[in-house]
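Undergrad: Chain residues, written in single-letter form:
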Amino acid sequence: QPSPLSAPANDTSTSRVKDESSFLIKRKPDILENIHMNFLLRSSLEIPDGGRQSSIRLNEARFEVLGTIVPDLDFRVRYHLNSSQMPKDLDNAPGSLDYAAVNYRFGRKKKWSVNVGKQAAFVGSWEFENDPTYEYQYSEFVNFQTNLFMMAIRFGYQVNQNHSFFLQLHNTDNSSFNTTQANAGYPADGLKGAKNPMGVYATWQGKMFNQKFLTFWSYDISQYASGKTNHSVALGNKVILNKFQAYLDLQWAALAVDYINLATPSINKYQQMVNPAFTPVFARDIHYKGAVLRMDYEFIPGWFITAKGILESDSQTKNNSTIGKNFRENIGIVAGLEYQPIPSQHMKLFGYYYYNQVKFRHVVADANDNQHLNLFAVGVLYSVNAF
Amino acid sequence: QPSPLSAPANDTSTSRVKDESSFLIKRKPDILENIHMNFLLRSSLEIPDGGRQSSIRLNEARFEVLGTIVPDLDFRVRYHLNSSQMPKDLDNAPGSLDYAAVNYRFGRKKKWSVNVGKQAAFVGSWEFENDPTYEYQYSEFVNFQTNLFMMAIRFGYQVNQNHSFFLQLHNTDNSSFNTTQANAGYPADGLKGAKNPMGVYATWQGKMFNQKFLTFWSYDISQYASGKTNHSVALGNKVILNKFQAYLDLQWAALAVDYINLATPSINKYQQMVNPAFTPVFARDIHYKGAVLRMDYEFIPGWFITAKGILESDSQTKNNSTIGKNFRENIGIVAGLEYQPIPSQHMKLFGYYYYNQVKFRHVVADANDNQHLNLFAVGVLYSVNAF
Amino acid sequence: QPSPLSAPANDTSTSRVKDESSFLIKRKPDILENIHMNFLLRSSLEIPDGGRQSSIRLNEARFEVLGTIVPDLDFRVRYHLNSSQMPKDLDNAPGSLDYAAVNYRFGRKKKWSVNVGKQAAFVGSWEFENDPTYEYQYSEFVNFQTNLFMMAIRFGYQVNQNHSFFLQLHNTDNSSFNTTQANAGYPADGLKGAKNPMGVYATWQGKMFNQKFLTFWSYDISQYASGKTNHSVALGNKVILNKFQAYLDLQWAALAVDYINLATPSINKYQQMVNPAFTPVFARDIHYKGAVLRMDYEFIPGWFITAKGILESDSQTKNNSTIGKNFRENIGIVAGLEYQPIPSQHMKLFGYYYYNQVKFRHVVADANDNQHLNLFAVGVLYSVNAF
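Chains as they are written, first to last, in the working numbering: chain A, 1 to 387; chain B, 1001 to 1387; chain C, 2001 to 2387.
Since the hints were derived computationally from the structure, they do not count as laboratory data.
The model shown is predicted, which means the values in this text are computed figures rather than measured ones.
Think of the CB as a built atom: it goes at the ideal place given N, C-alpha and C, for glycine as much as any other residue.
The calculated SDA-like cross-link candidates involving lysine to any residue, where the alpha carbons are at most 20 Å apart (straight line), are:
1. 1195/B x 2054/C
2. 2110/C x 349/A
3. 2088/C x 54/A
4. 2228/C x 54/A
5. 192/A x 1054/B
6. 2028/C x 1030/B
7. 1195/B x 2052/C
8. 1243/B x 1304/B
9. 1028/B x 387/A
10. 110/A x 1344/B
11. 2195/C x 376/A
12. 2207/C x 2219/C
13. 228/A x 1052/B
14. 2289/C x 2332/C
15. 195/A x 1046/B
16. 1207/B x 1157/B
17. 192/A x 1048/B
18. 2228/C x 2190/C
19. 2192/C x 2089/C
20. 2109/C x 341/A
21. 2088/C x 84/A
22. 1111/B x 2341/C
23. 325/A x 370/A
24. 2195/C x 375/A
25. 1110/B x 2342/C
26. 2111/C x 2167/C
27. 2192/C x 2229/C
28. 228/A x 1054/B
29. 1318/B x 1271/B
30. 2269/C x 2285/C
31. 2088/C x 47/A
32. 195/A x 1378/B
33. 243/A x 213/A
34. 195/A x 1048/B
35. 2195/C x 47/A
36. 195/A x 1376/B
Label-pair restraints from in silico Cβ distances:
37. 1167/B x 2109/C: 54 to 62 Å
38. 1185/B x 2277/C: 30 to 38 Å
39. 169/A x 1307/B: 24 to 32 Å
40. 1331/B x 185/A: 38 to 46 Å
Use the sequences and the hints to build the structure in full.
TA: Quick look at the structure:
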């Protein structure tokens, strides 16, 4: 299976790097043989339309150390250098810490594994699994909809070289429900935190057609507010050819309580328009669905075009709700050009255009204006493998 | 003496590691010979009783680099990846920084040393000196009673292989008295910060009985509020046998002003019960005493049982105070089972039970209810020596 | 040119280190040949005069990794371990991050370079370019007047071994104008943030007289508030002899709006004295000028004396303003003694005296008292090159 501990992460030029690596072999001492230190860096000049200010922005700055000191035992720590280090109240881990995990393989033929600590949700989003240095703009699924770095205990079983299955017991969120509700500024509304605010991902990773087609599919069941159950399904699919890569991620989620608070504000705004005395609360019974397609093509050695499309929507249809189907839609398009001057190094000069629209439908549209963004960016990214 | 710069820190399986290390020698280049990078990781699923929420928690995540580049000159930096990085106002260092110190040995036969920077109080608590990865639950002495990571200048003299003496000039706290008082929400009450809010530890480290019995004893005198002097004594004692280790730490402290604010709230609550107009202030003349006993036994190679008992109490007896002896008691019991599958690696799968009680006596008990906690935890710890 | 990626940074004992390095060659594996990890540490006991509290303070604690993995491509990351990690709103980078930059050389003979990311302003202040471990006290130019670590895209052209020219496109500040104004607590006063709150440094670095005399000169034009243009000139000059080093930095700046907010409060205080109903705002048309002179002399091998003088002033003369010339002056004097016991290591035991005065003139002096500080400090610094 794609190792969660490989360094550096997947990118679009893997094949070229491998071809060249035989010319670049450097003597590495035994002691560092399987220890890696990485930095993920991306900076760009962003020029948005309208009254928004232009600026040069630090898009990525992460520090990573990972390794395998003895066979069958791995560790991984990854850390944002540009986000708050305050620990959250449910998991005692800060948002700046992506990974702080230990992975141990055991059993006959080492087919079993257990991974404990702060880690990535094994949800099956190729957009999220990609080296973040390379993802210029994310879907709302990655940015908000799903809690992607969390405390978990993940059990794995590798059936053969091509197929693995996982069960991942996880905290539903990093903060407690009461804290999340207080931060949103909502009253209790009959809700309280679950005694066990946890869930389980059941995940399949597969490689097919001579490892040219990869699947990463999951089902999750979790609770956060007491007595309210969430379900979600994610189907990540990826094609890797010589000069071309693409992924298509398909996602569904059903939240009894929309504690994500992404679709909720538009409903609250509508309810307050109808009834000015209405007190904002978390919306109930929100259904999310989303699709993300990205394609990368190396049209000349070292030159890439990349294109990405995002389509996501929220619905509330239970009990014939007037809110209705697809009352909120998020649409994103990225089109970019990349130049990688040094084949062995994951450094690229890039430029891209990004269009984003958030669109409202039905009664919710009466109270919420659609939002548009046009953005042009040029910059440099470098996924540094220091050793 | 036990070097404050050894990597990784003491643990319960040292003897087994040494036996095995001859089979695990890895080629290390000269340049890294005496440079070490460590990560301290512990995560566990914690299941408390009562209405408290269960969750998987990040118990430890620290990053450490230390080394000796040339003989007689050491540096050590250790950093929490999961606590706030805001500097405190008296020492300009954040709580997340355990160590940022330079140690220099000098004089004839290099028997003298000076250690300057953020460092551990040389107080003589084996509980605190233990690798924090291994200490599942701490006494209040470590968590609150004593300021254990602080700015200091420590002079040492090594009499012989078995005995060393130290004088450590240190800031009493990380924040100024005025800030501590403001954070507690108390009025000045006639107190102000000392011009020199510092103290001195006088410490003896000894090894006896063929280095099977270790002492780590200290006396400290300090001031924090102007004209108010604090005294404390700590006697740390440790036994190291082949399959068995134990320590017994005994501690006393006399605080003219209880700026620790651990015993104070229960007295304030009592005073407000007697007189609702009473304004909360720091209690005066608090006497603390504590004892911590921990035992570790490797009953089968790779399998350990561990047990820990904590007993601490506060008294206020000056001028026949009605508050009286042992008006607040903290009792803790930890019983655990550990499995270390790979002898050379400080990685353990563990489960433990923790009982904690805070108990009030005499008049203070009229206003404060006793508190109880039962906790069961399972998880993984790994004190990683990356190189 | 002096490489921005050299490790460790310039210091006053370079010549001695080079002499000795042939005796200290350590085997370094290929993989780490051009990768460096550094720690900058300085701690001291500071004893100020008057009612101020003495304390041992952590003056410096920075972590740095930099390197050149393949020719012509460098990266550099440097990080404060003792300042807040919250990202600023304009650049998405925290104040704790000094560097997170990628440098790429290109073109015929690799004379061209582009450096993108969080980086140092190429302003030409030798005081600022010096390893911060060695600068005990900074001028206001470094501390406040100039935004020295910022997001930028820097193009360079190396004419020959001795002369280079640079154009650095940069964000004017790390936060947006609206945030800066809100943090200062001032009303809009007819100002708003520029659509493009950026500027450009044009810089010359030169080496003359057998590389014994170094120049680092720049001109900058930038905007921050909409329609308000800032200009500045900096002339950094440095002499490097065998046992003696000195730099003289000369600086001018003209700010249409004093968003630095260093000179502004004294004017506001005066305006409020004249008219108690006056609402504090950013002062307009402030002219700054400054000079910093530092000299270091190794009078006995391993023993250094250091002296530094700072003189800075602010004026407001446009439209015959009553505020006038040099209405605020900052004067600083540092005199110190350093002992470096190990020639190959940038570790020094030091003591210094610091005098600082902020002085007001003309009408502003009627509302503002002069301020004085005397400070004595002893401590240890170590610019650690771990590998």
